[in-house]
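**Q** Sequence:
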Amino acid sequence: MKFGIIAAILSLSVHAATYHVSTGGSDANDGSSGSPLATIQAAANLVANGDKVLIQPGAYSEHSIVLENSGIVFESVQRHGAIIDAGGLDAAIITGTADDITLRGLVIRNAVRGMHQGMIHTAAGGWRIEDCVLENVGGEGNAISSYEGPESNADGFVLLRTIMQDNAGLGLEGFGDWNNDARQVNDVPDYTVKDCIFRRNNLAGMNTGYNGAANKLLYTDKTTYDGCISYDNYGNGIWMDFGNRNFSIINCTVFGNHCGVDPNCGDPSGKNCSPNCSGIFSEANPGPGIIKNNVVYRNCIAGINVGESQNITVEDNIAFENGFWDIHIRCCCGDTRDVIHDCIFRNNTVSASSDVKTECAPWAHAPSYNLTWENIMQISSFDIPLITPSCTNTPAGQFADQIQESVTIDDALADAVAGETVTVPVFGRKAIGHEDGVWVTDVYDLNCRYVKLYMDEENMNTVEQAVGQFAVAVPTNLEIELAKKDEYDVRATMGPISVSAVDRAASPLRDPVLIRRAGCVIVRLDSPGSRLEIVTIRGRLVETCSGTGSAVHQLDLSVLAPGTYLLRVVEGARGSATRFCIH
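First residue of the sequence shown? That's 1 in our numbering, and the numbers climb one at a time after it.
Don't read these hints as lab results, they were simulated from the structure. Glycine residues also receive a C-beta, built at the ideal position from the N, C-alpha and C atoms. Among the hints, erroneous ones may be present.
[Claimed, not checked] Simulated pairs of lysine to aspartate or glutamate, EDC-like, Cα-Cα distance not exceeding 16 angstroms:
{"id": "1", "residue 1": "Lys430", "residue 2": "Asp262"}
{"id": "2", "residue 1": "Lys452", "residue 2": "Asp489"}
{"id": "3", "residue 1": "Lys357", "residue 2": "Glu374"}
{"id": "4", "residue 1": "Lys484", "residue 2": "Asp410"}
{"id": "5", "residue 1": "Lys52", "residue 2": "Asp166"}
{"id": "6", "residue 1": "Lys452", "residue 2": "Glu464"}
{"id": "7", "residue 1": "Lys485", "residue 2": "Glu374"}
{"id": "8", "residue 1": "Lys292", "residue 2": "Asp316"}
{"id": "9", "residue 1": "Lys292", "residue 2": "Asp411"}
{"id": "10", "residue 1": "Lys485", "residue 2": "Asp411"}
{"id": "11", "residue 1": "Lys452", "residue 2": "Asp383"}
[As the list claims (entries may be wrong)] The following label-pair restraints were derived from C-beta to C-beta distances:
{"id": "12", "residue 1": "Thr423", "residue 2": "Pro385", "range": "15 to 23 angstroms"}
{"id": "13", "residue 1": "Asp410", "residue 2": "Asp383", "range": "25 to 33 angstroms"}
{"id": "14", "residue 1": "Gln78", "residue 2": "Ala418", "range": "41 to 49 angstroms"}
{"id": "15", "residue 1": "Lys484", "residue 2": "Gly437", "range": "14 to 22 angstroms"}
{"id": "16", "residue 1": "Glu315", "residue 2": "Ala28", "range": "56 to 64 angstroms"}
Working from the sequences, and respecting the hints, build out all of it.
**A** And the structure:
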């Protein structure tokens, strides 16, 4: 197999359509930049595979937008500028059976839905929701519902830098298909939830032991929560509930989640209760699963809770002053669940004032076995602004006057241009790495704005000491020099870092645009200088080629042996991976 730029395919890239939508447009227009459409649905009706819809800022009173054409990007020209408002109608705002849909930069709000129903409802593969705000779902509804069923395929779902807030139900609910006895039939594969915020969900006060939480996933395979922030929800902050395999919860911050307390909790017999809310909860999962490098503090009842799960590793976490237990195991129930076994708890730091529950409660239906506990460290203080939840049956948010989420980087940068020095509010950072001779991290606020920050060693030490690798309620101010300010890409420096060094580090990579055809996948590379690789699942390189930022390469999959491969875009030391299968 050889890579080449095929004329017909190159023509597709050059002539792929871009449609425009504006509040001042008309659906009788052709959708060009000078003649925009008035509704997103009108654009959705016109697009073909590989097209893009650019939506101007403003309020769009739409609901029941149906997406039936695959491979489309719907992007707000201004991040959080295009607002789709259902006005309280009882309907999903966006549904779709089309694969490979991207929603970017939109605010979507004010639908009324029932339990297990989503304001965004998808049962198709390859959906990406990036840089969006999903809020104010009424009834008992969710912001997002994503389901795998006998006639649907919700694989490859990506949720990136998106805020789910002030919803009656869950911020995110997704599950595979199972029979009436809740026995596994078909997992949802490849969920990715990265750098997202869940706050003030389950305002309807639904049962926190059943469907009330910030989010909930059942029967998934290869799910990753990475870098997410979950706070002030009524129920669990992150909930892997039943049948999940091969999952990771890493680098997340979970704090201030609350619920009512069973009156048996804290009784003289030894806190003899089953926690109905925790910071992070793995419930009845066969695993394997890993809960690693998370910071979990001041949640009601329990911090990290592992119940009836197997092959779970809980390591390198900080759990501080979480109700009764910083780490808790549960051994229940009489409903065909397997017992908790073959789990490892190691190198975790907990508070001196909360317990770690290492054995099953007296009421347990079956004993645990093969649980390993290694190197539990205790601390008596945690030098950050701490909030204290009230553990009551009132689902409303509790911290409007304590968590400064309205203080944003975007407001600080509103009038700034590249080359200016600006003071920005920072609520946390990513791990610090070293690229092309400079230190690099991402700093962020509670509006999901991430700034790529390049530092010399002196300023790296300053940032490392001043800003923790987790989210907090009150920001630290950093003085930065703005190097680039695009709507979805902001970069800055601290110290004598040249602009050329920032440019060499390259733009944040977006996943390649995949256009599905019979027997092949067409890939458009958006990042100049990027390299495309196909590798086997064991890592053997099959093919590679370089992108120019506009070329489209046709990959003839028919010559590959049946199996699973990685289609990987790499630039410098960074890259992204998209798995695809050849049947």
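**Q** Go through the numbered hints given earlier and state which of them the structure violates, listing their numbers in rising order.
**A** Violated hints (numbers, rising): 1, 5, 7, 9, 11 and 14; every other hint is consistent with the structure.
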